[in-house]
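Novice: Spelled out from the first residue to the last, the chains are:
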Amino acid sequence: MERKKVNMDLSEVIDAYFNESDELLRDMESILLRMEKETPDSDSLNALFRAVHTIKGTSGMFSFEETVKFTHIVENLLDDLREFKIPFHKQLTEILLNAKDHLEYLVHTEPKSEITKDRLESGKAILDSLSPYLKKVSTAEKPASEEKSETIESKHIPDKDTIPYFLISFRPNKNVFGHGLDPISFLTYLRKLGEIKFLKTITAELPAIENYNPEESFLGFEISFQSESSLEKIQKVFEFIESDSFLHILPPGANTEDISYLAGQLPEEEIFLGNVWKEMGILNEETLVSYLNHLKPESQNDSQTKKEQEILPNQKEIQTQGTILKVDSKRVDLLINRVGELVVSAANLNQLVSNTDDSNLQESSFLVSRLLNEVREISLKLRMIQIGDIFQKYQRNVRDLGKELKKEINLHIVGKETELDRNIVDKLGDPLVHIIRNACDHGLETPEERIGQGKERAGNIWLNAYHDTGSVVIEIKDDGKGIQSDIVWKKALEKKLVTGNKPDNNEEVYKLLFHPGFSTATSITNVSGRGVGLDVVQKGIEALRGTIHIQSSPNKGSVFTIRLPLTLAIIEGFLVSVGSSLYIIPMEMVLECLDFTEENSDTKNNYFPLRGSLIPYIKMRDIFPQNADYEKKRENIVIVRMGENKAGLVVEQLFGEFQTVIKPMGNVFHNVKGVSGSSILADGKVALILDLPSLFERTVYLEKIRAF
Amino acid sequence: MDPVLKFREVESGIESAWEGYLTIPYVSQWKEKLIQIKTKPGSSWNVDLSGIQRIDTAGIQFLLFLKKYSSDKNFELKLHNHSLPVLKIFDLLGLVNHFGDKVKIKKEYANELTFAYGTKKG
Chain A
1 MERKKVNMDL
11 SEVIDAYFNE
21 SDELLRDMES
31 ILLRMEKETP
41 DSDSLNALFR
51 AVHTIKGTSG
61 MFSFEETVKF
71 THIVENLLDD
81 LREFKIPFHK
91 QLTEILLNAK
101 DHLEYLVHTE
111 PKSEITKDRL
121 ESGKAILDSL
131 SPYLKKVSTA
141 EKPASEEKSE
151 TIESKHIPDK
161 DTIPYFLISF
171 RPNKNVFGHG
181 LDPISFLTYL
191 RKLGEIKFLK
201 TITAELPAIE
211 NYNPEESFLG
221 FEISFQSESS
231 LEKIQKVFEF
241 IESDSFLHIL
251 PPGANTEDIS
261 YLAGQLPEEE
271 IFLGNVWKEM
281 GILNEETLVS
291 YLNHLKPESQ
301 NDSQTKKEQE
311 ILPNQKEIQT
321 QGTILKVDSK
331 RVDLLINRVG
341 ELVVSAANLN
351 QLVSNTDDSN
361 LQESSFLVSR
371 LLNEVREISL
381 KLRMIQIGDI
391 FQKYQRNVRD
401 LGKELKKEIN
411 LHIVGKETEL
421 DRNIVDKLGD
431 PLVHIIRNAC
441 DHGLETPEER
451 IGQGKERAGN
461 IWLNAYHDTG
471 SVVIEIKDDG
481 KGIQSDIVWK
491 KALEKKLVTG
501 NKPDNNEEVY
511 KLLFHPGFST
521 ATSITNVSGR
531 GVGLDVVQKG
541 IEALRGTIHI
551 QSSPNKGSVF
561 TIRLPLTLAI
571 IEGFLVSVGS
581 SLYIIPMEMV
591 LECLDFTEEN
601 SDTKNNYFPL
611 RGSLIPYIKM
621 RDIFPQNADY
631 EKKRENIVIV
641 RMGENKAGLV
651 VEQLFGEFQT
661 VIKPMGNVFH
671 NVKGVSGSSI
681 LADGKVALIL
691 DLPSLFERTV
701 YLEKIRAF
Chain B
709 MDPVLKFREV
719 ESGIESAWEG
729 YLTIPYVSQW
739 KEKLIQIKTK
749 PGSSWNVDLS
759 GIQRIDTAGI
769 QFLLFLKKYS
779 SDKNFELKLH
789 NHSLPVLKIF
799 DLLGLVNHFG
809 DKVKIKKEYA
819 NELTFAYGTK
829 KG
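Heads up: the sequence lines are chains A and B, in that order. Start counting the first sequence at 1; every next residue gets the next number (the numbering used here). Start counting the second sequence at 709; every next residue gets the next number (the numbering used here).
Worth flagging that the hints you see were computed from the coordinates, not collected in a lab. Mixed in with the good hints there might be a few duds.
Chain A is faced by these chain B residues, among others (derived, beta-carbon under 7 Å) [to be verified]: (1) 728; (2) 732; (3) 734; (4) 735; (5) 739; (6) 758; (7) 764; (8) 765; (9) 766; (10) 769; (11) 770; (12) 772; (13) 773.
A virtual CB, placed ideally from N, CA and C, is assigned to each residue, including glycine.
Please build the complete structure, drawing on both the sequences and the hints.
Specialist: If you want it as structure tokens, here you go:
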């Protein structure tokens, strides 16, 4: 979203406001999306409240009156939710998501004069849809005599699965006796406000004799309570003991979701509680079944939750380690550039020092190099961010797309904690959105189609990120119908992109999807057309020195695999030369180096025998012809890894491992294939950084043309 | 009021009468006394509660613990002659059925108790 320009004095402050609000809105969205699947805990509700409260506060500083007005009402509702004054209903998440979107618009559009009439109206509509829930709160605040007619049968409470009375869950703290408090006296007092319909004493926590300390409290109480009083009044009964206890009061009309949420907060097992509530008359047979069904999906998701929990503690740990300092990313980039130059200068210095006999100087120079390496590592990490931050926003995309396409889609995110250079992450957004939209629209089937094929109703998309030998791999996988290679080939024939028979290797066929304007979709929907725009995706990934591959199986789904360098700035390289030219091969691709002679290889077909297998190779001299003045030296072959395959690169001299700062190529060289950047060496010479995937692709392509 | 525990061994097990307050300041003493009483598996322990003048959450928890203890140690705990303070708490907490004893209610207590739940009558 484009940000408004404001006068210069405020620009820095308002930038901070935008950044902070964006971050809070992002958090808000991810909590709300989670709330669609599981009942929120108090931490989530508090976080939602805080987000809106903070935005209200800061927008007030700029007199953004519309934002303040809007947030005020949303904040009220969230406050009541977190205080359990109103029960949580799933319907609220949809409204709150709309509220979040509107808030995002307001944050970036204020002052009021800039807000369109349509938007003002849609904001009002959102607040209107919140009002029934707010009304319910105000009802609770009315005197007891007035509320009678409204509270219990509020029409906004979802129909039949609701509880008839207040449900009070009361678990005094273990140390409550020591504080001079007697829980029974609070229960006796409660009777003054209404009728205890049922009180169940929970003895499940009562220990065996060896752990039984008679001065500690182990009892709990579940109470169904009929009363004309408001929730607040009932809460006041427990005012003095509340801080020493777990107290949760569900008002009449709370539904099975609220009860399930409550069950999650209590120490006893959910099934046990279900039986207790049934005995108490809180749940009848029908609502008990509904309650138990409501529990089921959670147990099915156990493994997923466990997985998430495995990740979450780490994140929490990170968040609590010291305070987070926000720094302008331009400053970090500047620092990394300077460190990069320092690395080159230090290498130069090292070379000069190595020519002297001064051992003190050599030692100092060695120490400087070592420290510099550490500084380099640290400064590079400054720019690394967890990829989960960008993945998270796709939850919303997928949710909205699912609704639009009338499909049920689950997005699973794996490897959120994988770190990647911020600059890469920023540019990765668009290609990922494109692939995900494609997967939702054309990859996944409709629920009916899926059931017809014996699959579960809801389709799945997995976003998976992990590190692999100096690269980051991002997989976008779906369990949809897969890409039909026959149709792709047929389309390519029609478009005269190919001739002849379809190759056996489907991956070759899928590459055609990256051709500009290529689409197999019979009708192009609003969302996407499989193939449309994939050329743009490929260009985007290549601009990041990455590669993209497609694998697909009929009826099983497709996997788009994106492989990216860890960082754009500094790479570990392997320096080689051919004639007078120097080249750098990314170190993570280098497997081994061997002697190369015409006798020990198949020069006709360009194959090199390596321990019983034949490795295709290319000769650098063929690709980058050298001045005849430079005599050909003894040749070496560098065996490199290309995804899962091996290939060879025939060069002349090997200089070994080398840390290098990448300087991007100017626009003039934009179309040069096989080179991703350049680097200035310690002695001032320029080395080209090789982009091996495109180098090999180009060679294969040229071979094909020649053969043709 | 300090608790008093009287007990004697009979053929079927133990008979005892408790008197005084079964409240937080005294529950530890009750426990100490309990440990000294040797109960045999299969025997029964009849407890006369008519002397209990006051009982609070800690006291009721103690009775509940005793019930659990009897089941763990395989002897039978029988509570009888419940005093009014005990009955009132049993009524409030729906515990009559939990102990499974026959509860005799004196006529003069009837107006003060409801047993609306927890007796499977409610």
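Novice: Give a verdict on every hint.
Specialist: Tested hints:
1. Given the 7 Å rule on beta carbons, the hint for residue 728/B is violated: about 15 Å separates it from the nearest Cβ of chain A.
2. Annotation: interface hint on residue 732/B holds; nearest CB of chain A at approximately 5 Å, less than 7 Å.
3. For residue 734/B, the interface hint is violated, the least distance from its beta-carbon to any beta-carbon of chain A being 9 Å, above 7 Å.
4. Of the supplied interface hints, the one on residue 735/B holds, with its beta-carbon coming within about 4 Å of a beta-carbon of chain A, less than 7 Å.
5. Here the hint on residue 739/B is kept, as its CB sits about 5 Å from the closest CB of chain A, short of 7 Å.
6. Interface restraint check: residue 758/B against chain A, minimum CB-CB distance 20 Å, threshold 7 Å, status violated.
7. Hint status for residue 764/B relative to chain A: holds, with the closest Cβ pair at about 5 Å, below 7 Å.
8. The interface hint given for residue 765/B is met, as the beta carbon of that residue sits about 5 Å from the closest beta carbon of chain A, less than 7 Å.
9. Interface restraint check: residue 766/B against chain A, minimum CB-CB distance 5 Å, threshold 7 Å, status holds.
10. Given the 7 Å rule on beta carbons, the hint for residue 769/B holds: about 5 Å separates it from the nearest Cβ of chain A.
11. Because the beta carbon of residue 770/B sits about 6 Å from the nearest beta carbon in chain A, less than 7 Å, this interface hint is met.
12. Satisfaction of the interface hint for residue 772/B is found here, the shortest Cβ-Cβ separation to chain A being roughly 5 Å, below the 7 Å cut-off.
13. At its closest, the beta carbon of residue 773/B sits 6 Å from a beta carbon of chain A; the interface hint therefore holds under the 7 Å criterion.
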